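Listed here are the chains, written in short residue letters.
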Amino acid sequence: MPSFILRRLLHAIPLLLAVVVLNFLLIAFTPGDPITLLVGDFPAPPEYLDQMRREFGLDQPVWIQLLRYLAKVAQGDFGFSFANQQPVATLILERLGATLELTLTALAFASVMGIVFGVIAARFATRSGRSLVDSAIQGASSAGYAIPDFWLGQLLILVFAIWLGWLPSQGNNPVRGTLPGFDGFVQHLSYLVLPAFALSLRYLTLITRITRAAMLEVMHADFILASRSRGASEWTVVVVHALRNAAAPVLTVIGYNVGFVLAGSALIEAVFAWPGIGRLLYESISKRDYPVMLAILLMVSVTVVIANLVTDIIHRLIDPRIERA
Amino acid sequence: MSDTIPLTMTPAVGTPFQKAGFRRRLLRRPTTLLALAFLALLFGLAVFAPLATGHDPLGGGDSALLEPLSPGHWLGTDDLGRDIWARVVYGSRISLTVGVLSALIAVVVGVFVGALAGYFGGWLDTLLMRIAEFFQTLPRFVVALIVIALFGTSVPKMILVIAALSWPQLARVVRASVAALAQAQFVDAARVAGMGHGAIIVREILPNVAAPIVVLGSLDIAMAILIEASLSFFGLGDPNHVSWGAMLNDAQQYLRSAWWMSAFAGLAIALTVLSFNVLGDALNDALNPRGPK
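Quick mapping for you: the protein sequence lines, in order, are chains A and B.
Oh and the first sequence: position 251 is 251 in our numbering, straight run, nothing missing.
Oh and the second sequence: position 63 is 63 in our numbering, straight run, nothing missing.
Worth flagging that the hints you see were computed from the coordinates, not collected in a lab.
Treat the hints with care, as some may be off.
[To be verified] Derived list of chain A stretches under chain B, where covered just means 3 residues or more per stretch with a C-beta under 8 Å from a C-beta of chain B: (1) 253-263; (2) 287-297; (3) 302-315.
[Said to hold, decoys possible] A short list of chain A residues far from chain B (calculated; beta carbon distances all over 10 Å): (4) Arg7; (5) Arg8; (6) Pro61; (7) Trp63; (8) Ala143; (9) Tyr145; (10) Trp151; (11) His188; (12) Val237; (13) Val239.
Keep in mind it's a predicted model, so treat the numbers as computed, not measured.
Every residue, glycine too, gets a C-beta built ideally from N, C-alpha and C.
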């Protein structure tokens with residue numbers, strides 16, 4: 001096992017490096033003056049421009065520039081955002097909490113409901129493939145998978161915020177100040193409901209499909225038949241035996257989608273004015289604030305590499321039969 | 001934006017499209033027929049857009065702003081008085097162009113890379129697959145967003161960026177199938193008969209890998225349409241063309257006063273993506289006839 005983790009780590013390091021190099025190449029080979037990319041399309045003091053030219057060695061060969069860039073990134077230095085008058089790292093850290101709250105809620109909801117629906121669908125699936133419950137869940141998950149999440153967000157705002165007036169549609173807290181204590185928490189949750197649901201639906205349907213497929217593979221296995229013949233309750237058979245053995249592919253899909261949920265939150269945050277990194281990305285694109293854009297790309301890519309790494313290790317832990325290269 | 005759709009793929013021997021009952025299996029489900037009918041309608045509207053609507057999708061003329069559904073504008077008008085139906089009709093052109101062309105490029109690149117890696121193996125295989133893995137690691141939407149933001153937007157650029165981020169999955173699937181087939185007896189026979197590597201790959205191996213290619217191609221179109229819509233929604237679409245995603249961007253400010261601005265453009269995206277997904281699943285089932293999934 002330790003050697004497996006070590007091998008996976010060694011595998012992930014070149015990927016991480018490649019991601020950073022890609023970021024650098026975007027800076028180096030985008031048409032126009034790279035200094036604009038490093039500073040953003042924003043009036044910066046000429047001394048700072050000179051300092052950046054020196055720091056990045058723009059007069060020197062590309063490979064020296066790359067090494068300097070790597071050194072800066074390794075130190076957590078992503079430059080300065082003149083559009084926001086703040087270091088990029090500070091800016092991102094400030095917004096990170098809101099994005100984590102939204103993405104983790106969405107992912108948790110998608111995982112729990114996806115597994116529940118997937119198990120129910122598999123339980124009702126028959127060999128001939130004709131079951132009302134199974135067909136309904138499958139149909140709904142195909143439809144849900146095709147709906148663009150940002151449009152779903154607009155529909156949710158239309159129905160639940162504008163027509164019914166039940167939930168707020170913009171931001172993550174009331175502008176006029178939050179309520180104290182538990183009421184404030186509930187109030188905050190009311191802001192979270194719609195964006196989290198809009199972000200989660202696509203992954204919910206995906207996890208439903210994978211869970212259903214994984215469960216169907218297991219449900220006809222001999223040990224399930226044996227368990228049934230010993231008189232085990234349906235609950236024990238389905239949840240304890242079948243689900244536990246179907247867990248590996250389901251967890252893999254959840255883990256592999258962490259990065260996609262994070263990337264998808266950019267659109268959802270734009271729809272709901274959720275003050276996280278996605279909204280920051282949206283703003284930085286309209287302000288042509290390049291250092292922020294590139295830092296966010298780097299952050300999301302690194303998260304994907306790490307999430308995949310952790311997923312592979314967990315997969316190996318729950319299913320030691322699988323030897324993943 | 002995930003690309004993990006469960007597909008069961010095994011190298012089929014004998015071109016699966018020619019197998020008896022392919023058409024019957026493909027059209028077994030009514031949903032497949034519906035999806036095909038919708039796509040046929042959509043392609044028709046895209047080609048014959050001027051016949052489907054008398055309104056100019058880009059100019060409002062003297063129409064009222066934010067007009068609700070009415071006989072003159074049966075899906076209403078937007079904030080500039082432009083007819084929503086006309087914009088939905090013309091918007092299909094961008095979605096279908098970007099979707100089909102970027103999937104086509106992704107298929108060509110993916111098949112080429114996958115065939116090379118699978119057939120020759122060795123260090124070339126390792127190298128190509130590591131590159132594919134790297135591209136698969138990248139969060140597609142964010143990369144596309146930033147590349148377009150840096151290099152400026154246009155329809156060809158969008159097609160290229162989406163294709164560049166879509167080929168790896170195909171390459172990996174093709175590689176696996178080709179690697180398995182490269183050891184097959186009929187390939188040995190071709191080799192003994194003196195066929196060159198290129199001819200063996202193109203004439204002997206690839207026809208047997210056609211099934212997963214067609215299935216993934218169909219799903220790639222759906223994914224590309226979603227990414228184009230997302231880019232346009234983020235304000236990075238080509239401003240010279242009508243795009244469903246850009247329509248949803250316009251609609252965002254007017255949700256309170258004009259729900260029709262959001263409803264129909266979004267519905268168009270959802271139905272189109274759904275149809276290509278349904279078609280992909282149906283092709284998958286029809287080409288891998290091993291009972292219901």
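Any hints this thing doesn't respect? Which numbers, in order? 8, 9, 10
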